[in-house]
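From just these sequences and the hints, can you work out the full model?
One letter stands for each residue in the lines below.
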Amino acid sequence: MVVKIEPRPEPSKVMQYLSPLIAAVLMLISGLIIFSLLGKNPAEAFHAFFVEPVNDLYGIGELLIKASPLMLIGTGLAVGFRASIWNIGAEGQLAVGAIFGGYFAIIFNDSNGLFILPLMIAVGAVGGMLWASIPALLKTVFNANEILVTLMLNYVAVLLLALLVHGPLRDPNGYGFPQSVLFGDAAILPVLVEGTRLHLGVFLAFGGVIAGWVFLQKSFTGYQMRVAGLAQKAATYAGFKYKKLIWIGLLTGGLTAGIAGVLEIAGPIGQLLPSVSPGYGYAAIIVAFVGRLHPGGIFLSSLLMALLYLGGESGQMNLDLPSAVTGIFQGLLLFYLLAADFLIHYRMRLNRSRLEVN
Amino acid sequence: MSEAPRLQLKGMTKIYPSVIANDSIDMSIAPGEIHAVLGENGAGKSTLMKAIYGVVKPDRGQIIWNGEAVAIQNPAHARRLGIGMVFQHFSLFETLTVTENIALAMDDYTSMESLAGRIEEVSGEYGLPLDPGQLIYSLSVGLRQRVEIIRCLLQQPKLLIMDEPTSVLTPQAVRKMFETLRRLADEGCSILYISHKLDEIMELCHSATIIRGGKVTGYAVPADETATSLARMMIGKEIPVCSRQRPVVDGERCLEVRNLSKSSADQFGTDLKAISFSVKGGEILGVAGISGNGQQELLYALSGERLVDDRDSIAIHGESVGHLNPDERRNRGLGFVPEERLGRGAVPGMSLSSNVILTAHRQGMVAKGLLKFQKAAQFAEKCISDFTVKCGSGDDPITSLSGGNMQKFITGREILQSPDLLIVSQPTWGVDIGAANIIRQSMIDLRNNGSAVLVVSEELDELLEICDRLIVIAEGYVSSSVNVNDTSKEEIGLWMSGMFPGGPATDTFNEATHNQESHGC
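Going down the list, the sequences are from chains Z and D.
Its first residue numbered 476, the first sequence is counted upward by one per residue in our numbering.
Its first residue numbered 41, the second sequence is counted upward by one per residue in our numbering.
If you are wondering where the hints come from, they were derived from the structure by calculation, not from laboratory data.
Values in this document were obtained by computation on a predicted structure and should not be read as measured data.
All C-beta atoms in this analysis are idealised placements derived from N, C-alpha and C, irrespective of residue type, glycine included.
Mixed in with the good hints, there may be bad ones.
As the list claims (entries may be wrong) - Derived DSSO-like pairs: lysine-lysine, alpha-carbon spacing no greater than 27 Å straight-line:
{"no.": "1", "chain 1": "D", "residue 1": "Lys198", "chain 2": "Z", "residue 2": "Lys718"}
{"no.": "2", "chain 1": "D", "residue 1": "Lys313", "chain 2": "D", "residue 2": "Lys50"}
{"no.": "3", "chain 1": "Z", "residue 1": "Lys693", "chain 2": "D", "residue 2": "Lys408"}
{"no.": "4", "chain 1": "Z", "residue 1": "Lys488", "chain 2": "D", "residue 2": "Lys415"}
{"no.": "5", "chain 1": "Z", "residue 1": "Lys708", "chain 2": "Z", "residue 2": "Lys693"}
{"no.": "6", "chain 1": "Z", "residue 1": "Lys693", "chain 2": "D", "residue 2": "Lys198"}
{"no.": "7", "chain 1": "D", "residue 1": "Lys198", "chain 2": "D", "residue 2": "Lys97"}
{"no.": "8", "chain 1": "Z", "residue 1": "Lys718", "chain 2": "D", "residue 2": "Lys97"}
{"no.": "9", "chain 1": "Z", "residue 1": "Lys719", "chain 2": "D", "residue 2": "Lys412"}
Stated by the list, open to error - Cβ-to-Cβ under 8 Å is the rule here; a few derived chain Z residues that face chain D:
{"no.": "10", "residue": "Glu485"}
{"no.": "11", "residue": "Val489"}
{"no.": "12", "residue": "Gly659"}
Listed below in structure tokens is the structure:
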């Protein structure tokens, strides 16, 4: 008897939902094996990694703070991914959003106007979209591959931020450290719950997820994006304007990443630093896929991914684990997800059939 | 014939996850016998042939070859036994020569020179001339099939399997192929001939096995049967006929094509060469021709999926539309059923209801940018009931439909929007007889209600049955139109090979005699 892999007559609905769970469980098991190999007690490591970070109110607040940019960007990317437009450049779009928003926070540093935060968010969104419009333009005019263009622009944007923080935007009284002035109170998102760092931005992220859900599941344009992603010839046959869909797909990612950049600097960071994101733009890609490109799923997977960030920090502090451990877990999760997704379209069966030949 | 049968099948069964493709099939073929396997699309003919050729492994059953039970492992094993197969869809590399393509399929190494020599020898012997040095892309579909046949003959097969071989041939070329097959049979080669064309089988085959729904429903000597009796065995009931009622409808000119030229996007495609024709309301215009003669390119240009340079070369209701995309053309009354159903006419991974929205969204399914799923579901239900689409409900995935049902669904979606102009490509390709009649009848009804219908099909019989007028496309040229009642299958067959006034075959003649170019058609 051999295990036989055969295509399913139609994609399995159950596996579509089960696959992220299988991936999460396999990630967990592999992680614990790695901990044991490093000489840590797996139970202890599990506790330090997944329980300790969130066993108090402060921890929950941190979880939501980390999850906010992930769910926001993840939703924005899902809009493009649904149409098979692969924006890998959220990290750079986030950095440019932070530059735009941070610039206005710095020039209005003395003012107390209520307009500052909305302005920062708006220009941050514009910054992210401007950065995303470069690959959109190159793709629609020259058919340039958006994966490469967005990916390479990440490095440009991150270095641009570092350049500015080392130069023109550096705090003149900061003893030469590469950082901007601390933002004024009017440029800082108000904290929602006493004793935590949870700020107003979390509502913006929730709002983004809901808006994304309406757009993807209910709107005609969202339908067109799905058609373009599933069968481009069908989109052409229906006469949907593919170039318009490319613009929407890339700009939505830029918009959400830009806003997320502002949420970071106007939230926990409170100033411009050479690096404003621990790889949220990349992690959001995993969030989008683990969440099945569906805003509801993205909400859940952003919480999981945020927990990995917190667990990684906690593991470094409590167990002397290397800082790479967060990246390892993220990688394992995506790896197992892609593997488990195979079972959506295929199934394994024990081969019992035999040929009757005398 | 008293000697052992060449091939005997006993209880052949093949079960796929969703369907029993073959259910205990018994069959026997004598040496030199031309045996028809007759059945509708999806009856299980191809699966059975693939089992004999070693492409699929049967779950149960016995293959007895020249009196000995064999388990055929793979096509190479089948070829060693002396079984050759010509597939419905060719497997040739277009950038390679005839010899190179054939060398790829040879199990033993032969030098190119000696192989080319043998190709010439065999092709001459059987009256199927072929130039071994020619590149495949320069060959017509009929010649490509010839390459596949020669490829089999080189192995000196004892059994030749031919899967729907005539669908790519003109009536004249079909005659020619029949001669070759008869000659092969006379030399002792058995032939398994798969088809759903009753007249061909009655003319060519000595015996027939009829399959329906994976089971054998009868054995017959075709010469003793009538088309009706064979059809009854094949589909299990009388063939429903289309209503012949054809009121004369005098409509306005609806689609006008003037001097349409367009180079193909595919490097091996056919360029359109100054095509002109028109369709008026209340008539069905058929476009006959062998596949690959510019039909694809013509349809892409008419639907708007590829825009043309001269916007005036296509007009709907007198308005130039050559620069408009398919959506804008639909707003002007166009409905279009492409020949590729899944992936073009319908979106895999979506439900029937969602697939309705693809083109029918203009029927009040969008309000303020949001979709009204209720409306789409109602439309889908109507489409399912009006066109007897066999499915669970509108929420089923479109991929759960069989080819024929999907075709009915897509055709229904376009027709229910009452287009002024309906363009249909290969309306009944791969569709069973019952479904085909529903589709044909719905096109006739649309015509009788005053719409213009353009049908592109490779099935000449179908065009002669439903069309008012015919044009023929050959190598990107289009003939002048002819009334269906004023022509014959033979004349259209000649035209299909390019021999019409202004056509490609006469064009070369004109060039050779330094004549001026032909003007219009």
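Hints, verified against the model:
1. D/Lys198 with Z/Lys718: Since the Cα atoms of lysine 198 of chain D and lysine 718 of chain Z sit roughly 57 Å apart, the hinted pair is violated (cutoff 27 Å).
2. D/Lys313 with D/Lys50: violated (54 Å)
3. Z/Lys693 with D/Lys408: holds (11 Å)
4. Z/Lys488 with D/Lys415: The given pair, whose Cα atoms are some 25 Å apart, holds under the 27 Å limit.
5. Z/Lys708 with Z/Lys693: Between lysine 708 of chain Z and lysine 693 of chain Z the Cα gap is close to 22 Å, so the pair holds against 27 Å.
6. Z/Lys693 with D/Lys198: The hint is violated at about 61 Å.
7. D/Lys198 with D/Lys97: The hint holds at about 21 Å.
8. Z/Lys718 with D/Lys97: Measuring from Cα to Cα gives roughly 47 Å; hence the hint is violated.
9. Z/Lys719 with D/Lys412: holds (22 Å)
10. Glu485: holds (6 Å)
11. Val489: violated (14 Å)
12. Gly659: Not OK, violated: glycine 659 of chain Z not within 8 Å of chain D, min 39 Å.
This entry does not satisfy hints 1, 2, 6, 8, 11 and 12, going by the numbered hints stated previously.
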